[in-house]
Amino acid sequence: MWKKIFSILILTIFITTSLLATGSENYTSEQPPNNMPPVDFGNNPIFNNVLARVDTTEGDVQLFRGIEIVGGMPGEWLDIILPYIRLHELSDAGIEYSVLISDVDSYSQSFAGQYHTLV
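Number 104 marks the last residue of the sequence shown (our numbering); no jumps.
Note that these hints are calculated values from the structure, not bench results. Every residue gets a Cβ at the ideal spot worked out from N, C-alpha and C, and that includes glycine. One should not assume that every hint holds.
Label-pair restraints from in silico Cβ distances [as the list claims (entries may be wrong)]: (1) S83 to D45: 15 to 25 angstroms; (2) I(-5) to Q99: 53 to 63 angstroms; (3) P68 to I(-5): 50 to 60 angstroms; (4) F(-1) to S91: 47 to 57 angstroms; (5) Y92 to P59: 20 to 30 angstroms; (6) I(-2) to S95: 52 to 62 angstroms; (7) S3 to S87: 46 to 56 angstroms; (8) D40 to F96: 25 to 35 angstroms; (9) Q94 to D64: 15 to 25 angstroms; (10) S93 to I(-5): 48 to 58 angstroms; (11) S93 to T(-3): 17 to 27 angstroms; (12) G44 to F96: 18 to 28 angstroms; (13) F96 to T(-3): 50 to 60 angstroms.
Work the whole structure out from these sequences, hints included.
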């Protein structure tokens, strides 16, 4: 009998603490609510990724950290993906490039929409 009462008491304590641990929606002065609306960078072209082709016919090119090389032909060109806002770094370094796709994310999403498994 005591084992049954003791196990019910322990079970009640566990349930009570688990309900208290989940918290509530009421905010205290220590936890202000987050009233910041979500920011959508998708419409701003500055935050788009760009596919650019770098000319390497005149020798090796020193690329910067954070630039992704996605293809190329040795001694001719490299295809790189980088944020649009960083294109000026290529110009400042005297690296010749041409932009192939100005918004890689939208471009890839347009293809993903054609396949039901990628949506």
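How the hints compare with the structure:
1. S83 to D45: 15 to 25 angstroms: Given about 19 angstroms between the Cβ atoms, the range holds.
2. I(-5) to Q99: 53 to 63 angstroms: Since the Cβ atoms of I(-5) and Q99 sit about 57 angstroms apart, the hinted range of 53 to 63 angstroms holds.
3. P68 to I(-5): 50 to 60 angstroms: Holds: the Cβ-Cβ distance is about 56 angstroms, inside 50 to 60 angstroms.
4. F(-1) to S91: 47 to 57 angstroms: Holds, since F(-1) and S91 (Cβ atoms, about 51 angstroms apart) stay within the stated range.
5. Y92 to P59: 20 to 30 angstroms: Holds, since Y92 and P59 (Cβ atoms, about 26 angstroms apart) stay within the stated range.
6. I(-2) to S95: 52 to 62 angstroms: For S95 against I(-2), whose Cβ atoms are near 56 angstroms apart, the range 52 to 62 angstroms holds.
7. S3 to S87: 46 to 56 angstroms: Once the Cβ atoms are compared, 52 angstroms apart, the range 46 to 56 angstroms for S87 and S3 holds.
8. D40 to F96: 25 to 35 angstroms: holds (27 angstroms)
9. Q94 to D64: 15 to 25 angstroms: Holds - the Cβ-Cβ distance for Q94 and D64, about 19 angstroms, lies within 15 to 25 angstroms.
10. S93 to I(-5): 48 to 58 angstroms: This hint holds: roughly 55 angstroms between Cβ atoms.
11. S93 to T(-3): 17 to 27 angstroms: violated (54 angstroms)
12. G44 to F96: 18 to 28 angstroms: violated (35 angstroms)
13. F96 to T(-3): 50 to 60 angstroms: Once the Cβ atoms are compared, 56 angstroms apart, the range 50 to 60 angstroms for T(-3) and F96 holds.
When the structure is compared with the earlier hints, violations turn up for hints 11, 12 and for no others.
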